[in-house]
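Student: Now for the letters of each chain:
4 protein chains.
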Amino acid sequence: MTKVGKLWGGRFDTLPSQEIIDFLSGRDVRAVPACDERLIPYDLWGSRAHVVMLCRRRILSKQDGKKILSGLKDIQTLYEKGKFRLDPSKEDVHSNVESLLIERVGIESGGKVHTGRSRNDQICLDMRLYLRDQVVRSVTGLVDLMDVLLQRAREHAATVMPGYTHHQHAMVTTFGHLLLGFCEGFHRDVQRLMHWFVLFNKNPLGAAAGYGTSFPLDRQMTSKLLGFDGPTENTADPITQRWEPEAEFAYALAVMMDHLSTVAQTFILLSSSEFKMVRLSDRHCSGSSMMPQKRNPDTLEVIKGRASFAHGIVSSLLSAGKGLFAGYNRDTQWTKYWIMDLVDETGPSLPVMAEVVRRMEVDEARMLEQARSDFVGATSLMEWMVFSRGLPLRKAKSVVERAVKYAEREGLEEISLSSLEKSLREMKIEMPIREPWVQKFQDPRSIVARYGSIGMPSEKGLREEMASLQERLAAHREWIRMKRKEMERAKEMLSRMEREWIG
Amino acid sequence: MTKVGKLWGGRFDTLPSQEIIDFLSGRDVRAVPACDERLIPYDLWGSRAHVVMLCRRRILSKQDGKKILSGLKDIQTLYEKGKFRLDPSKEDVHSNVESLLIERVGIESGGKVHTGRSRNDQICLDMRLYLRDQVVRSVTGLVDLMDVLLQRAREHAATVMPGYTHHQHAMVTTFGHLLLGFCEGFHRDVQRLMHWFVLFNKNPLGAAAGYGTSFPLDRQMTSKLLGFDGPTENTADPITQRWEPEAEFAYALAVMMDHLSTVAQTFILLSSSEFKMVRLSDRHCSGSSMMPQKRNPDTLEVIKGRASFAHGIVSSLLSAGKGLFAGYNRDTQWTKYWIMDLVDETGPSLPVMAEVVRRMEVDEARMLEQARSDFVGATSLMEWMVFSRGLPLRKAKSVVERAVKYAEREGLEEISLSSLEKSLREMKIEMPIREPWVQKFQDPRSIVARYGSIGMPSEKGLREEMASLQERLAAHREWIRMKRKEMERAKEMLSRMEREWIG
Amino acid sequence: MTKVGKLWGGRFDTLPSQEIIDFLSGRDVRAVPACDERLIPYDLWGSRAHVVMLCRRRILSKQDGKKILSGLKDIQTLYEKGKFRLDPSKEDVHSNVESLLIERVGIESGGKVHTGRSRNDQICLDMRLYLRDQVVRSVTGLVDLMDVLLQRAREHAATVMPGYTHHQHAMVTTFGHLLLGFCEGFHRDVQRLMHWFVLFNKNPLGAAAGYGTSFPLDRQMTSKLLGFDGPTENTADPITQRWEPEAEFAYALAVMMDHLSTVAQTFILLSSSEFKMVRLSDRHCSGSSMMPQKRNPDTLEVIKGRASFAHGIVSSLLSAGKGLFAGYNRDTQWTKYWIMDLVDETGPSLPVMAEVVRRMEVDEARMLEQARSDFVGATSLMEWMVFSRGLPLRKAKSVVERAVKYAEREGLEEISLSSLEKSLREMKIEMPIREPWVQKFQDPRSIVARYGSIGMPSEKGLREEMASLQERLAAHREWIRMKRKEMERAKEMLSRMEREWIG
Amino acid sequence: MTKVGKLWGGRFDTLPSQEIIDFLSGRDVRAVPACDERLIPYDLWGSRAHVVMLCRRRILSKQDGKKILSGLKDIQTLYEKGKFRLDPSKEDVHSNVESLLIERVGIESGGKVHTGRSRNDQICLDMRLYLRDQVVRSVTGLVDLMDVLLQRAREHAATVMPGYTHHQHAMVTTFGHLLLGFCEGFHRDVQRLMHWFVLFNKNPLGAAAGYGTSFPLDRQMTSKLLGFDGPTENTADPITQRWEPEAEFAYALAVMMDHLSTVAQTFILLSSSEFKMVRLSDRHCSGSSMMPQKRNPDTLEVIKGRASFAHGIVSSLLSAGKGLFAGYNRDTQWTKYWIMDLVDETGPSLPVMAEVVRRMEVDEARMLEQARSDFVGATSLMEWMVFSRGLPLRKAKSVVERAVKYAEREGLEEISLSSLEKSLREMKIEMPIREPWVQKFQDPRSIVARYGSIGMPSEKGLREEMASLQERLAAHREWIRMKRKEMERAKEMLSRMEREWIG
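If you're matching them up, the sequences are chains A, B, C and D in order. Numbering follows this note's numbering, in which position 377 of the first sequence is assigned residue number 377; successive positions increment by one, without gaps. Numbering follows this note's numbering, in which position 208 of the second sequence is assigned residue number 208; successive positions increment by one, without gaps. Numbering follows this note's numbering, in which position 325 of the third sequence is assigned residue number 325; successive positions increment by one, without gaps. Numbering follows this note's numbering, in which position 63 of the fourth sequence is assigned residue number 63; successive positions increment by one, without gaps.
Heads up, a few of these hints could be off.
Straight-line alpha carbon distances no greater than 20 Å define the calculated PhoX-like cross-link-like pairs of lysine-lysine that follow [said to hold, decoys possible]:
1) LYS202(D) / LYS485(D)
2) LYS224(A) / LYS202(A)
3) LYS276(C) / LYS276(A)
4) LYS491(A) / LYS66(A)
5) LYS83(B) / LYS62(B)
6) LYS405(A) / LYS202(A)
7) LYS428(D) / LYS440(D)
8) LYS395(C) / LYS428(C)
9) LYS483(C) / LYS405(A)
10) LYS276(D) / LYS405(B)
11) LYS276(D) / LYS276(B)
12) LYS405(D) / LYS276(B)
13) LYS428(C) / LYS276(A)
Among the chain C residues that face chain A by a calculated CB cut under 8 Å, a handful are [stated by the list, open to error]:
14) SER89
15) THR140
16) ARG434
In case anyone wonders, no lab produced these hints; they're calculated from the structure. Glycine is no exception: its CB is placed at the ideal position from the N, C-alpha and C atoms.
For reference, chain A alone in the conformation it holds in the complex:
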């Protein structure tokens, strides 16, 4: 039992894991490291690729290249051992790396690493490499979540429950259908993130300050060594618009968080004392410091709070990108912090939600009970009157509306034969109606069985959608594999060329 048990927990069978506690505590007791710490590996990758290219182009001599590459390798090793920390008296990661390099290999060689490059293209590069990794990571998290949703949907393909509109009982649906509906949103999130690659997996290195350089750089080569699809076709564009790859990512995450927040809100309600259709695992709830009985769905609420954060970040990024004068403006440096905070806030939401869904208990009996209440079968009954009895829909609807009113006055929550007959009489419609039909066409399971078309909550509808999602998931996983491989290959090519050089 963790220490958190001291303030609450006597009611709980299981306590939240440390991961969940961290998720809930947020930044209360967690510091946020300097942003450039995360950029170190990307900055080194970029510098190594740059130097290899400079050597190939004979802008650097073999000897200088060798020294610099060895120096960078050493720094990489230091970093991997956790022994390279940024010195706050140097402005940023770029200055830190360059200073350390010069310190280690001397100004005569080390002072050449920045040849034909500016911090403008360097940070632009670092951020694209960083964002690219985050995109792949987010896609992975989404795919895992979809997997769990799909699994539980399969389990509950036939678990009937009320489908809601306006927070009111609308028509019968199944819990599986609800979960698959959520999946579709996450599928689009995946597609949106993948599209980031189309727009921004382009190499800005060589843009220098935005206007290039007179050194005869080979931007195609660095593109290959860094796993890009090619160099940006204009050098000023990525420098002026140094908020747009960030905005693209932030927007995709903001929509994803809205999707997650809808899942969260839905489960918050379904698990409330009044709905009681699902029960979250103890490990996803918190207690109160004061009230002994509390079992709060904090995990889900926190996701909503984080969604609001994502909204703000999109606002900030759009605001930062407005009315800029062409060329680099330091305003955009700040986008770095926003994106990193956003990554921290959204990242864990995906695995946490996957766990919540995986462990959630579903009360099928309660769902069925609610699927019989509040006239949730009225539409089905009406449709039967239209389809089998040939009544125009508008008339059939009027008939059933009145029947609902009369049944309600009798204290019922389903339409009774008598109320329906009264309504038909009043509207002067003659139609043979029998008790078993009235019951059958309001019966949840029989309603579900009749939903006939693509995407609807019938057994067939769900089977088809699940097959389709299965296929889409497989394609997503293949995409992840491929992207990871491309990046690996670029790194290997770089290492190979370095080895050739260093010997």
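Since the structure of chain A is provided, determine the placement of chains B, C and D on it from the hints.
Tutor: Quick look at chains B, C and D alone, frame taken from chain A:
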């Protein structure tokens, strides 16, 4: 001469066209029509496709189908003649059309048009059809603007000017390079809008209230008749997330407006009394009601104002989509107005900007003059010292920094031989330096000629980028043609099937 | 019965009033008039005050003044009769009024109305006058809503219900306490709006284009004639910051809409099939076009949608106000439309919510029932153990936590004597416990009676708060009366001076 | 010389101070501590006040009170010595303090500290105390900035320069007037922040989980001991709306940042190579890693970036506050981080801007030169024709408009006698005009001398405004003094009562 001439205009050779006056007056003197007015054609298209499908599926009899289709055709004709206006006492476009239909063909047939459908899927459909048209229209506007930018870039491929960073002279560039840089942003805007089709060109019809219907609908058929790539794979998803296609479009437009606002801000500055590098056409300027000499770049400022509006709409949409309970919520009805206002605000910005760029005068002499001032050639000089003289970049930079300081003290804006020599001496670096070299490597045209790689402002760099953009533009135009054709084909197929039915 | 009854309504006893239908239809079937239409009366007021001042200062001759004032009076009469409509071929309200004036009284006099003024200060003035009226109108709407909440709180001061945290039963409260809690938020909204006057009830007239004029204007006089507290102390400030009074108002309304959205969300849940604690009047619900049984709380959902709109407007205004170059920028013209749309969207939300609350039925029995479920009395029982039995809170809480767990296993929703005893035994605490105590300290009414301090849901707590709110409401009403009077007085003074002049 | 000098700086006479380097490096190389670290002193203050009150009310025995207060005192001492750090395995500051207390004084007494309180009211209290301090701190920073602006305005009261509208020369103004205009915005920021106290300097302690407690708390007493104006009048309100004091503060800061961003943008332009009217101190500029000549106004750009951040935070807060169900929701915990980041981002902007303004060099000659260019005196000339020659303004304006056109064709930037005469002839207006008048009424200094009324850029106008600002500043300082005193007094009272108790 328009009446606006009364308050100002005596200084102007040409006055703004009515189109520009409207663009500038915004909603000051222009009313905004009821939103559903724009949805009438889409609503009718949807109803016709729905009814044809109901007939094929024998949910409606041939006779009922015939009556309804004729009725809808009449309404369509009325609308096209401008004689069908929405009655505000009926809730929306759907109620208006259905009521009028029933009025015209009677309740026995007309009362069947809504069979197997809800306003939930109907509005969802209407909005996707509307948005789809707007996406294509925006892409068209972007492509036209890119065309103009490309044209003017070609004209000014070699027009040197200062490239800026931090609003300060950085390195020499060309006006053509600046314009091509802008093009790249608009290219991504096109890609972003095209991606909308991938995510949302899916048919929601048949989702009904979100949980389908017991009528045996053929959602594949209506998808074809409406030009969709297929039906949505889940019926609840498009209903719950009825803010997401809107948000996607709004986000794409917000980024586009940020791009436009950067073009605008850049030209506002370049056309100011202090920069004086470009001069807007009289027809894109306004005068003052008070100050006789004013010639204001209102057209460009207004674009910035509209960009801020776009930011807000993205915020509103993300806010509307947060924490929804699954199923339809009326909150999302409001997204309709936001999107339509956004279309109104952003739509004309593209052709207006294209006109501004097309008619703008460029002062090449002034650009050249500025390209010689404020030490804009210092980097080039430094790079020469590195490349030809083998000085480590960090040392060369220190040398030139000091040289700048000394030259500045002499009241110069270029590095002089003497200041450079003084600096070298101080740093104890021996290096032969000659006057012509110092001049040559700071000369704007000669600097530009030396930029060597992809995307840089040299003649070669520009030629390559222009060729690439030309190709990309052609592909965009092909996409537009194809999408338009697909929609036309769907409409033709529908008409054909209607004719078979109506006879 | 309105026509809306055709698509739904057979289940309803009463149908929504036209006002509610309009509120729900939003801009579906309602056009938005040109924005400057609303500014006509303010523009005329401003011009009259300006001309009277010019005359007093002998900048205009008596004769010119007389002619202009008569002309303006005629235009005012036209406007009041609905016969003055803006001509869209003239840029804005200012040009429209001035042109018409010149048309009517000739250029020799009419051409002098704009002496010593620019459209920059004129629109700034018009907007402050417009916003000022909206501020007073909003305060009035808030006060009326608070009144209704207070009334219903009085009725239900003792109606016990579960108080929630995290959407879960927390402790017992009363429905009156809930309503009073809402009142406090609206009270702050009133204060926030009042503060607008402190910041912005300052006269910008005379600022001209932002840098004044050489005419010897009397800005104190126009301030009095327009009901301002004085002239702005700098002429450039109101022109540059022509987004700030708008932002201030928008922010106040955005917070107000968030408050309303919380009231809305709370009642949406309380009126759901699962909570069933309140029932909205039929006249605040809508039916479905498809589902016969539906009775949806659309009125409340629409308020949430409108809240999201308000968020976006705040974003747009902050974005518009960022990074402006000093002096007027046309970007800010767009703020006019945003504010007017916001007024349209938020304005009716207040009276609509007041009506919803006034007519809502409260199910006291259901509330009481829920106030006994899900261990909502556990805290009270624990507090008794602390207060009367001297157990440290942390121990008492542990005891009760376990007791909850055991009772739950027995299928109970209240702590039983046996489960409490078991828990005490396990924790080795000796304490005499008796059945009646266990029951009493979990009984909702007896719990409420024991809440002892300021602001809590006891009878005394509510009585005090109601008295305080009553007083605050009276002060608000007095403020409204006073502000209205000040404006009236200014208008009267102006009329008096005009009469002196015109004769 | 700091190490930053390695990458750039050879051109600079002075290098930025560490404070400026930190401001520019942002979070690149700076970590952000756990948020609750900052709440420790507030949490302790709250606990001490709570316990003293519990003792007075005999809810705690004298002995327990004594133990707890001593324990808290010890923790306070630890904290002040930097020896109390939060343990991340405990959820938050509240758990940390309570656990440590129990560890030190035992469960029998320590386990009683949380009697009659919840973390809900505790964090609400902590945040109000924290925000209150930040409000006072921000007001102080604003007052200091206004002081500097006022000082420099005094220096440059008569320094003429072009006043701009639409980024174009509009009318003559003075640099002093520009600065005073900025002051007015900051004055409103002060008022806005002060109003925070009116709305939120209310004590939430005792609200417990939102529904009070059965312990007979004295909320008036804790209010006094914590420096509040009184307890919140409803216990649920501050708990449900735990985003509103945050939003209020964030909005005030967002407007303040927009004001700062306008000052920043104005100085960025005025210091550009093209405007060259002011020159920032070397210590507020940065160099480039690549370009030797660069002297960038980074300090000012960074302020714009931070402004965009503030916009987003307002969005996030409004989003978090939308559609909440009554009672506490964990969503709002996240507001804590946003506000603290906002404090970090905005806080230093005020002193940094004050320094920038203080050290900025003003080029009076260049300003004068520009104040003669681009027909900036045309309006003044026109006004003279109206005032002295009785020409209707509309006619005079037409005359001067044409004169501008003709003079421009002659290559002039001021209206010449000949162009004016030509224009008069064409318009058939007879009016004696003489060369010296034409010159005089376009002469910058003579124009400024004629501005006659309140708030305009004449000597008199500035003198009056400076006197008024002086007075307002004094009042602000008095407010700060008073608020600080009130807080001090509360702390003293608490210490006194503790001493009585502990003995």
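Student: Take the hints in turn and mark each one as holding or not.
Tutor: Hints versus structure:
1. Taking the CA atoms of LYS202(D) and LYS485(D), the gap is about 17 Å. The hint holds against a cut of 20 Å.
2. Between LYS224(A) and LYS202(A) the CA atoms are separated by roughly 10 Å; this keeps the pair inside 20 Å, and the hint holds.
3. Taking the CA atoms of LYS276(C) and LYS276(A), the gap is near 14 Å; set against the 20 Å cutoff, the hint holds.
4. With a C-alpha separation of about 18 Å, the suggested pair LYS491(A) and LYS66(A) falls inside the 20 Å cut-off, and the hint holds.
5. Simply put, LYS83(B) and LYS62(B) have alpha-carbon atoms about 29 Å apart, too far for the 20 Å limit, and the pair is violated.
6. For a cut-off of 20 Å, the pair hint linking LYS405(A) to LYS202(A) is broken: about 64 Å separates their Cα positions.
7. For the proposed pair LYS428(D) and LYS440(D), the alpha carbon gap of about 24 Å is over 20 Å, so the pair is violated.
8. With a CA separation close to 11 Å, the supplied pair LYS395(C) and LYS428(C) stays within the 20 Å bound.
9. The suggested pairing of LYS483(C) with LYS405(A) is violated, with an alpha-carbon distance near 50 Å, which exceeds 20 Å.
10. Restraint check: the Cα-Cα separation between LYS276(D) and LYS405(B) comes to about 17 Å, which is no more than 20 Å; the hinted pair holds.
11. This hinted pair checks out: LYS276(D) and LYS276(B) have alpha carbons roughly 14 Å apart, not beyond 20 Å.
12. Annotation: proposed proximity of LYS405(D) to LYS276(B) holds, straight-line Cα distance about 17 Å (limit 20 Å).
13. Between the alpha carbons of LYS428(C) and LYS276(A) the distance comes to roughly 35 Å, so the proposed pair goes past 20 Å and is violated.
14. A distance limit of 8 Å between C-beta atoms decides the matter here; for SER89(C) the minimum to chain A is near 31 Å, and the interface restraint is violated.
15. Among the interface hints, the one on THR140(C) is violated; its C-beta lies about 30 Å from the nearest C-beta in chain A, farther than the 8 Å criterion.
16. Checking ARG434(C) against chain A by beta carbon gives a least distance of about 20 Å; that is not within 8 Å, so the hint is violated.
Going through the hint list in order, the structure does not satisfy hints 5, 6, 7, 9, 13, 14, 15 and 16.
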